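Residue-level listing of the chains:
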Amino acid sequence: MTETPITARQDWMSVLAKAPPARLAALMPDLPPHDLLRSPETGAVMVRGRAGATGAAFNLGEMTVTRCSVRLAGGAVGHAWVQGRDRAHATRAAVADALMQTEAAPRVRADVLEVLRAEAEGRRAARAARAAATKVDFFTMVRGEDA
Amino acid sequence: MYVAVKGGERAIDNAHGWLAEERRGDPAVPELTVAQIREQMRLAVNRVMAEGSLYDPDLAALAIKQARGDLIEAVFLIRAYRTTLPRLGASNPVETAAMAVDRRISATFKDLPGGQVLGPTFDYTHRLLDFRLAAGDEVPAAATVPAQTGPVPHVTGFLNRDGLIEAAPPCDAVPPDLTREPLELPADRALRLQAITRGDEGFILSLAYSTQRGYGRTHAFVGELRIGAVAVEVEIPELGFAVEIGEVELTECETVNQFKGSKTEPPQFTRGYGLVFGQSERKAIAMSLVDRALRWKELGEDYVGAPAQDEEFVLSHCDNIQATGFLEHIKLPHYVDFQAELELIRRLRAEATAASRQEAAE
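Going down the list, the sequences are from chains A and B. Per the UniProt record's numbering: the first sequence = residues 1 to 147. Per the UniProt record's numbering: the second sequence = residues 1 to 362.
It is possible that part of the hints are untrue.
Derived coverage of chain A by chain B (criterion: at least 3 residues anywhere in the stretch with Cβ under 8 Å from a Cβ of chain B; other residues may be distant) [unchecked claim]:
#, segment
1, 56 to 63
2, 116 to 129
Residues from chain A shown here face chain B by an in silico Cβ test under 7 Å; the list is partial [what the hints assert, rightly or not]:
#, residue
3, I6
4, M13
5, S14
6, A17
7, G43
8, A44
9, V45
10, M46
11, G49
12, R50
13, G52
14, Q83
15, A133
16, T134
17, V136
It is worth saying that the hints were derived from the structure and are not from the lab. Here the structure is a predicted model, which means the values were calculated and not measured. Even glycine gets a Cβ: it sits at the ideal position worked out from N, Cα and C.
With the hints as extra help, turn the sequences into a complete structure.
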């Protein structure tokens, strides 16, 4: 399956958005010069569900989100929408999104995105392994009439 | 005569100063941090997020600290805060079928694809106080086994394949939003679900219990209960495509309800639905029972006058911030209203006394 540019960008924007802010900051301590096209702004996104999981949409409740848009000196424009209220997280994610559209992309991919992706996978697997250990194995007891 | 009075500023300031001191408690005991509340009082944080209707564990933990553990006061703080946030958009409906499940159980099918996964549950504990927690013992690491990756399909999906349960066909109409327009009755199911998911857990629990005891009985089985993380995907307007911008922990409950058919529907199972922020199992089960009870009209069932069937009663009273606001306002100064009542009673008494004197004289 070949990835179109949009799905690749959706993917890296998601990895950046879901990253723990402190980890992203540790992996990208220094940001290249950039202009803020939209300063980090915190607001709310209404999270929706579906009645019966598959039916009509309804409003479940809001979550905090911070968005930011930047332009690098070379002209690349980056956007970020990240969960939570961390302005530095949104700014860093927007800069990383912009860098991914420049020749710095392979370096950002290797040094930031792949590290974050592996750590996220590790956290997911750790929870899944704990859940798996609580899976019930049913066994049939000796029936009264068999004894 | 109406007399405006002022005063109390010094008393109020001093009361709030004392409140801060009482909130801190004994200074010889280390102060709680917001991170400690977020990590170790998770279910309280979840409740404040669900009823505050804002998913942000740090804010909910701060609200609990500020409210001295009064969860309704904490919900009030979150509701007040959320009004200051600009609305950036709405997510695509979350895909609970793709949830990374911590817990997933069914009371209707023993063997089901994905299995019965208990997760971090209080079920099967003996409810004996554990004094090792008071002593602060180290917690051993939880057991792990390699997880099988594979889909964990919804139980109602199997029943649906056989046509034994009512379908829930997708509909992408923009749902009504209680936080944008005032509640209007009759409410559609989407509006009811929004109101109940942010409603008071105690109120929804009691209503659900009343249906089990016979006030609008719906014969509910927990078809499935699942808890875990789902991705939140939002269309980014400046880009024209959707991005998963974060993850929320949700509890989902689907009930399967006995239904012998009606004038319009064949005998089949019907559904009640609960979806709540965080690990909020009691609330999700209760929500699904109340949702089902409120659906009597669309399923052509009889209205038996049960409170849980009365959407005006349920939706007008389930919000604990509205309820506590109106309840507690009666403790605030009503000096002028009360003065008028006092005048009235005095006049009536004077008239009654005068009348009885006149009778005696005659």
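Taking the hints in turn, this is what the structure says about them:
Remark: the segment 56 to 63 of chain A is confirmed as covered by chain B, as 8 of its residues place a Cβ nearer than 8 Å to a Cβ of that chain, reaching the required three. Here the segment 116 to 129 of chain A counts 6 residues with a CB under 8 Å from a CB of chain B, which clears the bar of 3, and the coverage holds. Satisfaction of the interface hint for A:I6 is found here, the shortest Cβ-Cβ separation to chain B being roughly 5 Å, below the 7 Å cut-off. The interface hint given for A:M13 holds, since its Cβ lies 5 Å from the closest Cβ of chain B, which is under the 7 Å cut-off.
For A:S14, the interface hint holds, the least distance from its beta-carbon to any beta-carbon of chain B being 4 Å, beneath 7 Å. Using the Cβ-Cβ criterion of 7 Å, the hint placing A:A17 at the interface with chain B is satisfied: the shortest such distance is roughly 5 Å. Taken as an interface hint, A:G43 checks out: its beta carbon lies about 4 Å from the nearest beta carbon of chain B, inside 7 Å. A least Cβ separation of about 4 Å between A:A44 and chain B falls short of the 7 Å threshold, and the interface hint therefore holds.
Against a cut-off of 7 Å between C-beta atoms, the interface hint on A:V45 holds, since the closest Cβ of chain B lies about 5 Å away. Here the hint on A:M46 is kept, as its CB sits about 4 Å from the closest CB of chain B, short of 7 Å. Using the Cβ-Cβ criterion of 7 Å, the hint placing A:G49 at the interface with chain B is satisfied: the shortest such distance is roughly 5 Å. Interface restraint check for A:R50: the shortest CB-CB distance to chain B comes to about 5 Å, inside 7 Å, so the restraint holds.
Restraint check, A:G52 versus chain B: the minimum CB separation of about 3 Å is within 7 Å; hint holds. For A:Q83, the interface hint holds, the least distance from its beta-carbon to any beta-carbon of chain B being 3 Å, beneath 7 Å. A distance limit of 7 Å between C-beta atoms decides the matter here; for A:A133 the minimum to chain B is near 4 Å, and the interface restraint holds. Checking A:T134 against chain B: minimum C-beta separation of about 4 Å stays under 7 Å; hint holds.
For the restraint placing A:V136 at the interface with chain B, the shortest Cβ-Cβ distance is roughly 4 Å, inside the 7 Å limit, so the hint holds.
In the structure shown, no violation is registered for any of the earlier numbered hints.
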